[in-house]
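Assemble the whole structure, with the sequences as input and the hints as a guide.
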Amino acid sequence: MPPPEPEKVDKRQAAREVIDILHEIATLLNTHLNRQQLSYCVSLIENGVNPEALANVIKELRTQYPEPVLADGKNEA
Amino acid sequence: MSKTQEERVEHALSQLLERILPTYPDEDEVAADERAGEPAIVPDVNHVSDLIKRDLIRDNSFPDKALKFSNLFSKLLAQPVLNQKWAMLHFLHLLSDSEPPTTTQSDGARVPDHRQFLVDSPAFNEAFSSAGLRRLPKPETSKPARSVQTLRLERRPERRKAEETDEQHKSPAQAQDKAERMGQEPSEPALLRDLPFTLQGLSSTNLVFSAPNKLKLPATLPVPLISLLHTLAEPSLLYRSLSEFVDSSEGGLVGQSFRSALGAELRSYLGLVATLEGQIRRALAQLDESLPRQGIGKAGVTLRRCVVWTREATMGLRLMSLMVEESRGKKGGELISLIHSFSLSHGDPFVGAFAERLLSHVTRPFYDMLRQWVYDGELSDPYLEFFVCEQKQLPEKDEDGNEKGGATSVWEDKYKLNPPMVPTIVTEDFANKVFLIGKTLNFIRHGCGDAAWVESYSKSASRELRYGDTASLERSIGLAYKTTMARLIELMETRFRLFEHLRAMKSYILLGAGDFIAVLMESLSSALDRPAITQYRHTLTAQLEHAVRNSNAQYDLPDVLRRLDARMLELTHGDIGWDVFTLEYRIDAPVDVIVTPFAGKQYLKVFNFLWRVKRIEFALGSTWRRCMTGARGVLGAVSEKVGADWKKARAVVAEMIHFVNQLQYYILFEVVEASWTELQQKMRREGCTLDDLIQAHSKYLEDITRKGLLGSTVVDFPAQLHELLKLMLHYRDAVDGLYSFSVAEFSRRQDKAAAIEARTKAGKWGVSERQLDTGSPFAAAPASKLVGGSANDDDILAGLRVRLGSLSEDFRRRVNVLLGDLYYQPDPDLRWLAMVMNFNDVYEPVRRRRGGSRKDKEKEKEKEKERGKEAEVKDGGEGGREAGEKAKT
Numbered sequence: 001m002p003p004p005e006p007e008k009v010d011k012r013q014a015a016r017e018v019i020d021i022l023h024e025i026a027t028l029l030n031t032h033l034n035r036q037q038l039s040y041c042v043s044l045i046e047n048g049v050n051p052e053a054l055a056n057v058i059k060e061l062r063t064q065y066p067e068p069v070l071a072d073g074k075n076e077a
Numbered sequence: 001m002s003k004t005q006e007e008r009v010e011h012a013l014s015q016l017l018e019r020i021l022p023t024y025p026d027e028d029e030v031a032a033d034e035r036a037g038e039p040a041i042v043p044d045v046n047h048v049s050d051l052i053k054r055d056l057i058r059d060n061s062f063p064d065k066a067l068k069f070s071n072l073f074s075k076l077l078a079q080p081v082l083n084q085k086w087a088m089l090h091f092l093h094l095l096s097d098s099e100p101p102t103t104t105q106s107d108g109a110r111v112p113d114h115r116q117f118l119v120d121s122p123a124f125n126e127a128f129s130s131a132g133l134r135r136l137p138k139p140e141t142s143k144p145a146r147s148v149q150t151l152r153l154e155r156r157p158e159r160r161k162a163e164e165t166d167e168q169h170k171s172p173a174q175a176q177d178k179a180e181r182m183g184q185e186p187s188e189p190a191l192l193r194d195l196p197f198t199l200q201g202l203s204s205t206n207l208v209f210s211a212p213n214k215l216k217l218p219a220t221l222p223v224p225l226i227s228l229l230h231t232l233a234e235p236s237l238l239y240r241s242l243s244e245f246v247d248s249s250e251g252g253l254v255g256q257s258f259r260s261a262l263g264a265e266l267r268s269y270l271g272l273v274a275t276l277e278g279q280i281r282r283a284l285a286q287l288d289e290s291l292p293r294q295g296i297g298k299a300g301v302t303l304r305r306c307v308v309w310t311r312e313a314t315m316g317l318r319l320m321s322l323m324v325e326e327s328r329g330k331k332g333g334e335l336i337s338l339i340h341s342f343s344l345s346h347g348d349p350f351v352g353a354f355a356e357r358l359l360s361h362v363t364r365p366f367y368d369m370l371r372q373w374v375y376d377g378e379l380s381d382p383y384l385e386f387f388v389c390e391q392k393q394l395p396e397k398d399e400d401g402n403e404k405g406g407a408t409s410v411w412e413d414k415y416k417l418n419p420p421m422v423p424t425i426v427t428e429d430f431a432n433k434v435f436l437i438g439k440t441l442n443f444i445r446h447g448c449g450d451a452a453w454v455e456s457y458s459k460s461a462s463r464e465l466r467y468g469d470t471a472s473l474e475r476s477i478g479l480a481y482k483t484t485m486a487r488l489i490e491l492m493e494t495r496f497r498l499f500e501h502l503r504a505m506k507s508y509i510l511l512g513a514g515d516f517i518a519v520l521m522e523s524l525s526s527a528l529d530r531p532a533i534t535q536y537r538h539t540l541t542a543q544l545e546h547a548v549r550n551s552n553a554q555y556d557l558p559d560v561l562r563r564l565d566a567r568m569l570e571l572t573h574g575d576i577g578w579d580v581f582t583l584e585y586r587i588d589a590p591v592d593v594i595v596t597p598f599a600g601k602q603y604l605k606v607f608n609f610l611w612r613v614k615r616i617e618f619a620l621g622s623t624w625r626r627c628m629t630g631a632r633g634v635l636g637a638v639s640e641k642v643g644a645d646w647k648k649a650r651a652v653v654a655e656m657i658h659f660v661n662q663l664q665y666y667i668l669f670e671v672v673e674a675s676w677t678e679l680q681q682k683m684r685r686e687g688c689t690l691d692d693l694i695q696a697h698s699k700y701l702e703d704i705t706r707k708g709l710l711g712s713t714v715v716d717f718p719a720q721l722h723e724l725l726k727l728m729l730h731y732r733d734a735v736d737g738l739y740s741f742s743v744a745e746f747s748r749r750q751d752k753a754a755a756i757e758a759r760t761k762a763g764k765w766g767v768s769e770r771q772l773d774t775g776s777p778f779a780a781a782p783a784s785k786l787v788g789g790s791a792n793d794d795d796i797l798a799g800l801r802v803r804l805g806s807l808s809e810d811f812r813r814r815v816n817v818l819l820g821d822l823y824y825q826p827d828p829d830l831r832w833l834a835m836v837m838n839f840n841d842v843y844e845p846v847r848r849r850r851g852g853s854r855k856d857k858e859k860e861k862e863k864e865k866e867r868g869k870e871a872e873v874k875d876g877g878e879g880g881r882e883a884g885e886k887a888k889t
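Those protein sequence lines, which keep their order, are chains H and B.
Residue numbering for the first sequence follows full-length UniProt numbering, beginning at 1 and increasing consecutively.
Residue numbering for the second sequence follows full-length UniProt numbering, beginning at 1 and increasing consecutively.
Simulated from the structure, these hints should not be mistaken for laboratory data.
Derived pair list, reagent style EDC-like, types lysine to aspartate or glutamate, alpha-carbon separation capped at 16 Å:
no.: 1; chain 1: B; residue 1: Lys459; chain 2: B; residue 2: Asp376
no.: 2; chain 1: B; residue 1: Lys85; chain 2: H; residue 2: Asp20
no.: 3; chain 1: B; residue 1: Lys641; chain 2: B; residue 2: Asp794
no.: 4; chain 1: B; residue 1: Lys414; chain 2: B; residue 2: Glu390
no.: 5; chain 1: B; residue 1: Lys433; chain 2: B; residue 2: Asp692
no.: 6; chain 1: B; residue 1: Lys75; chain 2: H; residue 2: Asp20
no.: 7; chain 1: B; residue 1: Lys482; chain 2: B; residue 2: Asp376
no.: 8; chain 1: B; residue 1: Lys216; chain 2: B; residue 2: Asp194
no.: 9; chain 1: B; residue 1: Lys605; chain 2: B; residue 2: Asp703
no.: 10; chain 1: B; residue 1: Lys85; chain 2: H; residue 2: Glu24
no.: 11; chain 1: B; residue 1: Lys85; chain 2: H; residue 2: Glu17
no.: 12; chain 1: B; residue 1: Lys682; chain 2: B; residue 2: Asp703
no.: 13; chain 1: B; residue 1: Lys648; chain 2: B; residue 2: Asp736
no.: 14; chain 1: B; residue 1: Lys75; chain 2: H; residue 2: Glu24
no.: 15; chain 1: B; residue 1: Lys605; chain 2: B; residue 2: Glu570
no.: 16; chain 1: B; residue 1: Lys726; chain 2: B; residue 2: Asp579
no.: 17; chain 1: B; residue 1: Lys68; chain 2: H; residue 2: Asp20
no.: 18; chain 1: B; residue 1: Lys85; chain 2: B; residue 2: Asp44
no.: 19; chain 1: B; residue 1: Lys53; chain 2: B; residue 2: Asp64
no.: 20; chain 1: B; residue 1: Lys459; chain 2: B; residue 2: Glu378
no.: 21; chain 1: B; residue 1: Lys641; chain 2: B; residue 2: Asp795
no.: 22; chain 1: B; residue 1: Lys601; chain 2: B; residue 2: Asp703
no.: 23; chain 1: B; residue 1: Lys75; chain 2: H; residue 2: Glu17
no.: 24; chain 1: B; residue 1: Lys614; chain 2: B; residue 2: Asp529
no.: 25; chain 1: B; residue 1: Lys605; chain 2: B; residue 2: Asp716
no.: 26; chain 1: B; residue 1: Lys65; chain 2: H; residue 2: Glu24
no.: 27; chain 1: B; residue 1: Lys65; chain 2: B; residue 2: Asp50
no.: 28; chain 1: B; residue 1: Lys53; chain 2: H; residue 2: Glu24
no.: 29; chain 1: B; residue 1: Lys214; chain 2: B; residue 2: Glu234
no.: 30; chain 1: B; residue 1: Lys68; chain 2: H; residue 2: Glu24
Rough simulated footprint, nothing fancy, chain H against chain B, three-plus residues with beta-carbon under 8 Å:
no.: 31; stretch: 74-81
no.: 32; stretch: 90-96
Just so it is clear, CB atoms sit at the ideal spot from N, CA and C, and this is done for glycine as well.
Take a look at the structure:
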């Protein structure tokens, strides 16, 4: 990925766009995922991870570890 | 390559976990817990987007969020880089509206339960399987887990590649060799691959259509698969037969539209098959040879699933083939009725909706025909499918053998309502209305020659008629009905002067115009007394002309007078002019639709009867006049000889005149005028149709003939009346004979008085000895003049007396019988007539019973005796009555 060939650049551009779109959808749906989290999720799912499982994991984690008001997981960008 | 991918996953996961929470141990326990929560749905991008949209709409009263989502979704779909769009969306959907992770607790304060877990562990991989189907619990646990892993390992490189080339290449599954290894021939994937062709009715390697309606299944398959294939074979076979039916082109327009509607349904079925094929291909591409049954359970498409997917379509096909089976031999309205019966009376809403859908297509040609019929009055029905049919061969003669006029055929016989063809989507009333509209338009166009109006009407009123819009259909039909009927009546009234003609017929044929008839009778009477052979038409028409000019008829319309004609009926030997003369009123098209030739005959019948009555009245009147004038002069002089006879004769003649007058009054005022008023009322009614006019007129005529004693009831009134009238004529002749006898007697006496005068003047004796010898000087004087002639005269007088007596007797008897019959008629008017004739109980009505003829004879004998005994009794009826009473007892 690092080598910045022109088509790779295009790809990245496209990937960013996708992330943008997905982020918008995510905010629309109140998923409370930030961009970073989202992009990791995307890459996980793209690599064949079961989306339901992932979602459940995230939910589970959230219930088990409720964030403080200033959740560092979110602010660390 | 795979290694790096694994690393990437691990990296991403750990990153994510780090960012979500502080690191804890035993994370894999959670993952193990999550194993059960695999996606329970088939991966379908559109489906999940629909779900999301629905949620958004549900949660927000305004659709703007959903709209926004739709935009984003379409943008996302356009993006080539993302492969797991469904998974991503599903993931987001699951996370949606999750509780905002806000707690006052810090991450670090949490007890780290699940700190790390093995990403590569089989359980985890299993959990993150991409297939969207719920898995069946498997007996062996370790082996499938490993195979899943291998699947992952094998597939990932490809996916990588696909990602890089922006294209998704599905690896072709090598299922066949795998299947052979499993010992099942053919394998399920192979069958799945063939399935789309089978569903389209095409033969394939494993599933061969051996006959048009036979599908051969491979014998090597296990029973469960066979049963599945049986289920799948049904739509295939149905489709085959249906497509055959759709391709055939026999049948009428409705049949063809039925075929096309079925064709559209079959196309949607093919669409389903195509999507099915797409699913199958995609599933087959994802197959994995290493799994048992090639992992077909994971691919999402199995034969069982196909059965489920084709279920609804199978029901549709079944219904269609049922319709096709039942539609054989039916056409037009029957076919529509058939389909309508499915939509109307079938309990299954699916069937109802399906039939409704078909109906809207199938009825299109029907409504086209309806439109043309209702707005143009033309029948365009090449396959005889409409419920109105044209009769090709016009019947020249009806059942009575009467010739029919052209216009009558146009109205009555040209078109016919064909009840079996009336589709059930329209009511019977509606069909009748439609039939009448078209017929009227057609009649206006062809019968009345008013094509211009029809054309302008069809241009202005024509509108589209469709199935399902019953209210507006009813309205437009009702409107068309009103318009056409009003137009036809208006045409009849103004252009064809229907009412003028009817009035003219009433006044001339039914003797309504008394002055005209009186003049005609007077001028014709002398001519008509002569034998029929000497009658000439031109003299008759000349007299008619004379009568018209000398009566109020001259002010009538020339068109009406032109139609009035005098004519002679067929001659038979011995007829005199009275018997054959008739008046005629010519009616031409299109009024003869109402005044049919049959009606013309009725009119003629009534006229002949009335004319005869009139003639009797005229004859009796002239005789009466002569009697009255003669009584002052001639008859007074001979009263001592024939005075008694004259008195009797006058009484009888008065009786007859009373009878005739009552009869005439009854027919003209009680019957004709009453029926005429009724007819007027009916014809002037609002919303009257031509059929109503025809009906009203035939009712009018029927009333006149029935009440006018001309109808053929149980009692033969016409014959009785005819006899009575003949009797009156004979009696009149006899009275005339008496009159001429009296005149002869008178002239003899005058001659004698003159002779006596002459002799006295000559200085001789007025009466010689020889003359006195023969008898009394006064009474026997005429007889003494000519000795031979005296006896002769007495004979004549006696003959006359007998004749007059028997005729009056006969008249009375017949009137009694007639009155007896009249009293027992159901019609109050007829009873009224009897009452009027016998207002002072002069007559003794006789009720005829079975065997009455014998009694009549007995009565006659009795009367003969009575007559012989008491010839001097003036009122013969008294004797007759007594005799009748005796006979009764």
